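Trainee: Listed below are the residues making up each chain.
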Amino acid sequence: MAERADRQVTHRSHVSYIDKSREYYEASGYDQPYRWAAFDEVPFTRLTKPLAECNVAVITTTYLHHHDSAHGAPATDKVVYHHPVADRPERMFTSDLSWDKQATHTDDPESFLPLGALIALVEDSKIGQLNHRFFGVPTEYSQRRTGLDAATIGEWCAEDQVDIALLVPL
Amino acid sequence: MCHQTVSLVSRHLEAAGIPTVVIGSARDIVEECGVARMLFVDFPLGNPCGKPGDRAMQQSIISLALDVVDTAIVPRTTVQAPVHWGSDNWRSAFMEVGDHNIEALRAAGAKRREAQLTS
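The listed protein sequences correspond, in order, to chains A and B. All residue numbers for the first sequence refer to this note's numbering, where the first residue is 1 and numbers rise by one. All residue numbers for the second sequence refer to this note's numbering, where the first residue is 1 and numbers rise by one.
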């Protein structure tokens, strides 16, 4: 006998943000839709050592909250950055990014910058260590500029001997 | 746009020999770009690592993301986290376009373009 489903749904399990943004900007009078990056080939590196020996780094698209500026905005143009995990931010600057400001909030950094969760996993010996710094990358429409930022983060990860990068977009 | 940015960074790191996982809520943007591994969290944009304040959920999502890194054997591996937001209203409300706001959107877009031209 088939088991009864534990939930029943009225919506499929994911929203298409490519469709949503195209329809939204089209309604706003923009006739050329944004052309999103799409690749057939996907680079892949297998993990070759146990998780319990791995150094894990976090990469975020959020920025440090500047308490001395209006609305906490960074004082200068956003550039790729790193910040010590020993100085865990109590909040991050997110208001310039596109996220669902009606449905939720970003007052809890652990909901998008999981430093505490990773520290707990180190204590549980699930991973070896949390990298001594996390990395931030600016959200760019220009895929070429993001490519330059990616190269910088790649150099920092190599310097730190990062084994796993955990990337968290807002 | 954040999802495309980290997907491009992920691709660069994988090519350089560093295993990655993207924890995100805009599944289509990440999958079209093409990444090695994704943990899909079907939440409104903003809290991909779990609901604000819910430490147990956050812990389980990050732990699962690491399991995805550990076990994936091919690129484009997407795993959906077994978590639910609780309501579905946000799905249609975000960037909604309808009769009630189409005029306002058109006017706001025209104003933005005008400001760009004069700046």
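These aren't lab readings, by the way, just hints derived from the structure by calculation. Predicted, not measured: the structure shown is a model, and the values here were computed from it. For glycine and all other residues, C-beta sits at the position ideal for the given N, C-alpha and C. Watch out, some of these pointers could steer you wrong.
[As the list claims (entries may be wrong)] Cβ-to-Cβ under 8 Å is the rule here; a few derived chain A residues that face chain B:
hint, residue
1, T10
2, A27
3, P33
4, W36
5, H65
6, F112
7, A117
8, A120
9, K126
10, Q129
11, D149
12, V168
Trainee: Report holds or violated for the interface hint on A/A117, using the least CB-CB distance to chain B and a cut-off of 8 Å.
Mentor: holds (4 Å)
Trainee: Let's test the interface hint: is any C-beta of chain B closer than 8 Å to that of A/F112?
Mentor: holds (6 Å)
Trainee: Just to be careful: measuring from the Cβ of A/W36 to every Cβ in chain B, is the smallest value less than 8 Å?
Mentor: holds (6 Å)
Trainee: Let me know if the C-beta of A/T10 comes in closer than 8 Å to any C-beta of chain B, holds or violated.
Mentor: holds (6 Å)
Trainee: Under the criterion of a CB-CB separation shorter than 8 Å, is A/V168 in contact with chain B as hinted?
Mentor: holds (5 Å)
Trainee: Under 8 Å is the threshold here; is the Cβ of A/D149 close enough to any Cβ of chain B for the hint to stand?
Mentor: Status holds, d = 7 Å.
Trainee: Restraint: A/A120 near chain B, CB-CB cut 8 Å. Satisfied or not?
Mentor: holds (6 Å)
Trainee: Can the hint on A/K126 be confirmed by a CB-to-CB distance to chain B that is less than 8 Å?
Mentor: Holds - the Cβ of A/K126 comes within 8 Å of chain B, reaching about 7 Å at its closest.
Trainee: Measuring from the C-beta of A/P33 to each C-beta in chain B, is the shortest one below 8 Å?
Mentor: violated (13 Å)
Trainee: Should the interface hint for A/Q129 be scored as holding, given a Cβ-Cβ cut-off of 8 Å against chain B?
Mentor: violated (13 Å)
Trainee: Verify the interface restraint on A/H65: the C-beta must sit less than 8 Å from at least one C-beta of chain B.
Mentor: violated (16 Å)
Trainee: Against chain B, with CB atoms and a cut of 8 Å, does the hint on A/A27 hold up?
Mentor: holds (4 Å)
Comparing the model with each earlier hint shows violations of hints 3, 5 and 10; every other hint is respected.
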